[in-house]
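Undergrad: Each of the two chains sits in its own frame; use the hints to bring them together as a complex.
Protein sequence lines correspond, in order, to chains A and B. When you read off a place in the first sequence, starting at 1, and then add 34, the result is the number in this note's numbering. When you read off a place in the second sequence, starting at 1, and then add 2, the result is the number in this note's numbering.
Rather than coming from a laboratory, the hints here were simulated on the basis of the structure. Be a bit skeptical, because a hint or two may be false.
To be verified - Residues from chain A shown here face chain B by an in silico Cβ test under 7 angstroms; the list is partial:
{"#": "1", "residue": "PHE40"}
{"#": "2", "residue": "ALA41"}
{"#": "3", "residue": "TRP69"}
{"#": "4", "residue": "GLN93"}
{"#": "5", "residue": "VAL96"}
{"#": "6", "residue": "PRO97"}
{"#": "7", "residue": "PRO113"}
{"#": "8", "residue": "THR115"}
{"#": "9", "residue": "GLY117"}
As the list claims (entries may be wrong) - Have a look at the derived ranges for each label pair, beta carbon to beta carbon:
{"#": "10", "chain 1": "A", "residue 1": "ASP99", "chain 2": "B", "residue 2": "GLN141", "range": "21 to 27 angstroms"}
{"#": "11", "chain 1": "A", "residue 1": "ARG61", "chain 2": "B", "residue 2": "ILE15", "range": "45 to 51 angstroms"}
{"#": "12", "chain 1": "A", "residue 1": "VAL54", "chain 2": "B", "residue 2": "GLU24", "range": "45 to 51 angstroms"}
{"#": "13", "chain 1": "A", "residue 1": "ASP92", "chain 2": "B", "residue 2": "ASP88", "range": "55 to 61 angstroms"}
{"#": "14", "chain 1": "A", "residue 1": "GLY79", "chain 2": "B", "residue 2": "GLY53", "range": "40 to 46 angstroms"}
{"#": "15", "chain 1": "A", "residue 1": "LYS106", "chain 2": "B", "residue 2": "GLU117", "range": "17 to 23 angstroms"}
{"#": "16", "chain 1": "A", "residue 1": "GLY103", "chain 2": "B", "residue 2": "ASP88", "range": "25 to 31 angstroms"}
Cβ atoms here follow ideal geometry from the backbone N, Cα and C, with glycine treated the same way.
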Amino acid sequence: MQLLYFAWVRERIGTGEETVEPPEAVRTIADLAEWLSARSSGHAGALADLTKLRAAVDQRFVPLDSALGEAKEVAFFPPVTGG
Amino acid sequence: MIRVSVDPAPIDIGTELAGVEETGAGAVASFTGVVRADDGVTAMELEHYPGMTEAVLCDLAEQAMARWGLLSAVIVHRVGPMVPGDRVVLVATAAVHRREALEACAFLIDRLKTEAPFWKRETRDGHSRWVAARAGDAQAAARWADGSPD
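Extracted from the complex, chain B is given alone in its bound form (with noise of 0.2 angstroms):
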């Protein structure tokens, strides 16, 4: 089963989480990201393509359900405005053992936020400012190219 969601509501991760365990994996693993409250940001938009990050998503699902054999494969985004504290995206894997669940999460993750189309704008000290690409997602991604992780 794949799951993609592209929403500007909240995020709620019992519901998704209990729709991932439905279908009867001994091995859930989840990854929440949330908009950080430190270094001043008092709030964030997130910005993306419509269309075209939906089809990024769908594609590394079916590269994870494949790669790792997943029984289910969740990845829903939030879009809009959001504050310190909620919930920006939900990875979440099922599969029959451990180790396939947590890598594929990881591998989701790390894919998404250099693959899939979606822009952040945080505000601090009232300014907001488009935030830059880091280099370091790059190279977490880039360990995904062939084969398993270092």
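Bound conformation, chain A alone (with noise of 0.2 angstroms):
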């Protein structure tokens, strides 16, 4: 699984991008949040608070409780702030 991330989320991993296998007990975006925050104190500082993180599978938007499913890549990000 293609992992992403953007602005500050990027910032504090330290990493744009990175390849994980998780195991089959995560199940959806937020076991996902929650399994990556073990790999580094930045993975853990970034993923900590879901509530200022969002989201997309396979690039669509998606809810934080939403199932991985099959997912190929997955991006982690603030709210978004163009235009």
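TA: The following block contains the structure:
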């Protein structure tokens, strides 16, 4: 599974992308965030407060409690601020 | 005609609007977003999600084309480093009459602000920080959820 991070999520984690293979127990986006938090203090800091995060699965916005399913690409980022 | 562009190059309004006018529409509306020079901002940087950003903008343009029967919808968004006075975004719409062009233009910029994956970082007094999303933007986007705005 390809992970992408943007804005301050990317900065706190220290990379914009990485490839991971989460175990089967990781079923939702929120599960994934919790599992990733064990990887480093940067991950833990960036992913601690889910209310500040938004996510996309295969380039579509999804709620954080949605199932990962057959996701190939998952992105974590703050609420968008374009325009 | 739909044109969507996400690019670090400066936005040339004249060229973009000339392209929209070529559709032969009677009404062309546009919105330009500019890096604000107030409250001490000295620089701004825009980050995006390559691929998804363009797909979201194309989807919004297609919605506007269908909902208002547009002849053209153009969304050009700049990314990368900018300074106050630089154009960040241009939205332009063309329709047979002004009401459709104006409403579709407002719809596109309101929805772009809450749905397109862009993130702003501002620098003031030598310190840069990520801009927080504004509740007012969500309210502006929500008014287009069904039917015409208030």
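Undergrad: Hint by hint, note whether the structure agrees.
TA: So, going through the hints one by one against the coordinates:
1. For PHE40(A), the suggested interface contact is upheld, since its CB lies about 6 angstroms from the closest CB of chain B, less than 7 angstroms.
2. Because the closest C-beta pair between ALA41(A) and chain B is about 4 angstroms apart, less than 7 angstroms, the hint holds.
3. Given the 7 angstroms rule on beta carbons, the hint for TRP69(A) is violated: about 22 angstroms separates it from the nearest Cβ of chain B.
4. For the restraint placing GLN93(A) at the interface with chain B, the shortest Cβ-Cβ distance is roughly 4 angstroms, inside the 7 angstroms limit, so the hint holds.
5. Below 7 angstroms, beta-carbon pairs count as interface contacts, and VAL96(A) has none with chain B, the closest being about 12 angstroms; its hint is therefore violated.
6. Checking PRO97(A) against chain B: minimum C-beta separation of about 15 angstroms lies over 7 angstroms; hint violated.
7. Look at PRO113(A): its Cβ gets to within about 4 angstroms of chain B, closer than 7 angstroms, so that hint holds up.
8. A hinted interface residue such as THR115(A) counts as satisfied when its beta carbon comes closer than 7 angstroms to some beta carbon of chain B; here the least separation is about 5 angstroms, so the hint holds.
9. Interface restraint check for GLY117(A): the shortest CB-CB distance to chain B comes to about 4 angstroms, inside 7 angstroms, so the restraint holds.
10. Evaluation of the 21 to 27 angstroms hint for ASP99(A) and GLN141(B) yields a pass: the beta carbon distance comes to about 24 angstroms.
11. For ARG61(A) paired with ILE15(B), a C-beta distance near 48 angstroms keeps the hint of 45 to 51 angstroms intact.
12. Distance hint check: the CB atoms of VAL54(A) and GLU24(B) are about 48 angstroms apart, consistent with the given range 45 to 51 angstroms.
13. Range check, ASP92(A) to ASP88(B): Cβ separation about 33 angstroms, and the 55 to 61 angstroms hint is violated.
14. The hinted window of 40 to 46 angstroms between GLY79(A) and GLY53(B) is violated, with their beta carbons roughly 27 angstroms apart.
15. As the Cβ distance of LYS106(A) to GLU117(B) is approximately 22 angstroms, the hint placing it in 17 to 23 angstroms holds.
16. Range check, GLY103(A) to ASP88(B): about 41 angstroms between beta-carbon atoms, so the 25 to 31 angstroms window is missed.
Hints 3, 5, 6, 13, 14 and 16 from the list above are not met by this structure, while the remaining hints are.
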